[in-house]
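One point on numbering: in this note's numbering, the residue at position 236 of the sequence shown is 236, and numbering is uninterrupted.
Hints are computed from structural coordinates only; laboratory data are not their basis.
Just so it is clear, the structure is predicted and the values come from calculations on it, not from any experiment.
Quick reminder that beta carbons are idealized off the backbone N, C-alpha and C, glycines included.
Treat the hints with care, as some may be off.
Unchecked claim - Using 25 angstroms as the maximum straight-line C-alpha spacing, the simulated DSS-like pairs for lysine-lysine come out as follows: (1) K462 x K402; (2) K359 x K46; (3) K591 x K508.
Stated by the list, open to error - Distance windows between CB atoms, simulated: (4) D437 x E372: 26 to 32 angstroms; (5) D417 x A12: 18 to 24 angstroms; (6) N583 x W476: 23 to 29 angstroms; (7) N53 x E278: 33 to 39 angstroms.
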Amino acid sequence: MADNKETLGFQAEVKQLLQLMIHSLYSNKEIFLRELISNASDAADKLRFEAINNDALYGSDHELKIKVSFDKAARTITISDNGIGMSRDEVISHLGTIAKSGTKEFFGKLSGDQQKDAALIGQFGVGFYSGFIVADRITVETRRAGLQPTEAVRWESAGEGDYSVEAIEKTSRGTDIILHLREGEDELLSTWKLKSIITKYSDHISLPIQMAKEEWDEEKKEMVTKDEPETINQASALWARSKSDITPEQYEEFYKHVSHDFAAPLTYTHNRVEGRSEYTQLLYIPAKAPFDLWDRNKRGGLKLYVKRVFIMDDAEQLMPTYLRFVKGVIDSADLPLNVSREILQESRDVKAIREGSTKRVIGMLEELANAEEQEKKDKYATFWTEFGQVLKEGIGEDMANKDRIAKLLRFASTNADSADQVVALADYVGRMKEGQDKIYYVTADSFTAAKNSPHLEIFRKKGVEVLLLTDRVDEWMLSFLTEFEGKELVSVAKGGLDLGKLEDEAEKKEHEETENQYKELVAKMKETLGEKAKDVRVTFRLTDSPACLVADEHELSGNLLRMLKAAGQNAPESKPILEINPNHPLVTRLKYENAEDGKFADWTHILFDQALLAEGGTLTDPAAFVKRVNEMLLK
C-alpha cells in the first residue's frame with residue numbers, strides 16, 4: 001500500500017493561515033481541543049443525517065461517541081470519532097484547501113498585529129488547522145462510512161508547505177486525529193488537563209466525549225488507568241435542557257461551536273415554542289460581522305434538527321435573507337426526519353418556524369435598542385455598526401415586520417459631529433420643529449459629502465434637522481420607506497422646496513416677487529444649457545452657494561444614478577434641474593450679463609459644473625470646465 005503515498009502542496013491560503021495561527025493564537029492554545037471535538041461532533045451529525053436514508057452506514061456500530069486519549073511516551077494526543085469519516089478525495093478537499101467565501105477579504109484585513117489578527121482569525125474560523133498550535137506534526141487516519149476497511153486514508157503534515165496522502169487499512173469507520181506535540185507542550189499529556197479543557201469548552205456537545213478512567217492506586221501510590229471509559233461531558237443537547245440548568249458560559253461555548261467564531265455573541269434567546277408548530281430555538285446575534293456578510297447567496301447560519309437528529313447546517317428557509325447573520329439551532333418536533341430543501345420551501349410548519357423565529361430576533365434587537373441600561377444600549381450600537389446595513393434590507397423584504405424594523409433603524413443627521421452618532425426615526429420625530437410635518441433627508445456617498453451638501457443650507461439656517469444617508473442600500477430602502485408615524489420622508493435634493501408651515505406668508509410673497517424678477521435670466525440660462533439640464537429655476541434652499549442640482553420629484557436621485565453607473569448597470573436617462581440662488585453675487589451679476597456675450601455662456605456652464613461637483617458628480621468634460629474657469633480668472 002505504500003505505493004499509494006502521494007505528496008501534495010497546500011493551497012497558498014492554508015500556508016498563510018497556518019503561520020498566522022501558530023503565532024497569533026498561541027496565547028489561547030487550549031482552543032485546539034474545542035475545535036477538533038467540534039469537528040468530530042459535526043462528523044457524527046452528518047452520519048446521522050445520511051443514515052436516515054441508508055441505515056447500513058452504521059454497520060454494527062450505532063453508538064456515536066468521541067474519544068480523547070494521550071500517549072506520554074510517544075508524546076501524542078488522539079481525538080477519535082466514529083462519525084461519517086472521509087474518502088481520499090474528501091481528505092484532499094477538506095484538509096488541503098480553504099473553500100470559504102470571504103477568504104480574500106479575510107487576508108486583506110490582516111494587519112500584522114498579533115492581537116488584532118487573533119480576533120480576525122477567530123472570526124474566520126480555523127477548525128482542523130488549530131491542531132498545529134500545539135503540534136508540529138498531525139496524522140489523520142480516516143475511513144468513510146460505507147467504504148471498505150482497505151479504502152481508508154492516512155493524511156500527514158508538518159504544517160509547512162505540503163502534506164502526504166496514502167491508502168491504509170482501518171477496521172472502523174470515522175476519523176482519528178493524532179497530534180504529535182511540539183516541545184514544551186507536555187502539560188497536555190495529563191488526564192486532569194485534558195478533562196478540564198473538555199469541561200470548559202465542550203460540555204455542551206451532545207455526544208459522549210470519553211476518556212480512559214483514572215483511579216488512585218493505594219499500593220502504587222499513583223493514579224492508574226483503567227480499561228473502562230468515562231464520559232467527561234453532560235452529553236445531552238444543550239438546547240433541549242432547561243434554561244435554568246445552563247450557565248452563560250455554556251451558552252457562550254455552544255455559540256462558538258455552532259458559529260466557529262472565537263468571540264462571545266452579542267446576545268441570544270432560548271425558547272421552547274408550542275402551538276400550531278412545536279419547536280425549540282436557540283438563536284444568537286454575533287458581535288462581529290463575518291467576512292461573507294454581503295454574499296446574499298450564502299446559506300443561512302442555522303442548524304436544523306428534527307427531534308434532536310441533525311438534518312442540515314445551512315437551513316436558509318428558517319430565516320429571511322436580511323437576518324442572515326443570525327446563528328444557532330432550531331429543533332422541530334413536527335418535521336419528518338427525511339426532510340429535504342424542497343420540502344422545507346413548501347412546508348407550513350417551516351413557514352410558522354420562520355415567522356416565529358424572525359419575530360424573536362426582532363424582539364431581541366428591540367430589547368437592546370429600547371433598553372435603559374447603558375450596557376444594552378452599547379450592545380445595540382455595536383450591532384448597528386456591524387449589521388445595520390443588512391437590517392435595512394428588511395424594509396423592502398419583510399412587509400409584515402416593516403414597522404418594527406423601521407423603529408430599529410439608525411441614521412446620522414445634521415445634529416451629529418460624526419457618522420458614528422446616529423439617531424432613531426422616533427427621536428427625530430420627537431424633536432421636529434413646530435410646524436414641521438416631514439422627515440427630511442439627503443443621500444450621498446460619504447458622511448462628509450452629505451453634511452456639506454448645498455441642499456442643506458436653508459435647513460441649517462432654520463435649525464431643521466436633516467438625516468444624512470450614506471449607505472449603498474439607503475436609496476433602495478427609501479423606495480419602500482416612504483413615511484414613518486404618519487410623517488412623509490422627503491429628499492431635500494428632489495423636487496421643488498416645500499417647507500410647509502416652516503415658511504411664513506411674508507417669505508412666500510417675497511419668493512414670488514423674486515421669481516418674477518429672474519424669469520428672463522432663467523429662460524436665458526435654460527436656452528444656454530440646452531440638453532444639459534431639464535430645467536432652470538430660482539431656489540430659496542441655498543444661502544451660501546450660487547447653485548445646486550436637484551432631481552425631478554419622480555426621477556432617480558443623482559446619487560442613485562451614479563451608483564448604478566459605477567455598478568455597470570443601465571440607468572434610465574435623466575437630466576438634473578439647475579436651481580440658482582438669487583441672493584448670491586455671481587447670480588446677481590449674471591442677471592446683467594449680455595446673453596450674446598460669450599461670458600454669459602461660460603458663467604452658466606461653470607455654475608452648472610460647480611453644482612455637479614458639489615454633490616459628488618463627475619464632469620463629462622473636465623478640460624472644458626478648467627479652461628472656462630481659467631479664462632474667467634484672467635478676465
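Please write out, lowest number first, the hints stated earlier that are contradicted by the structure.
1, 2, 5, 6 and 7
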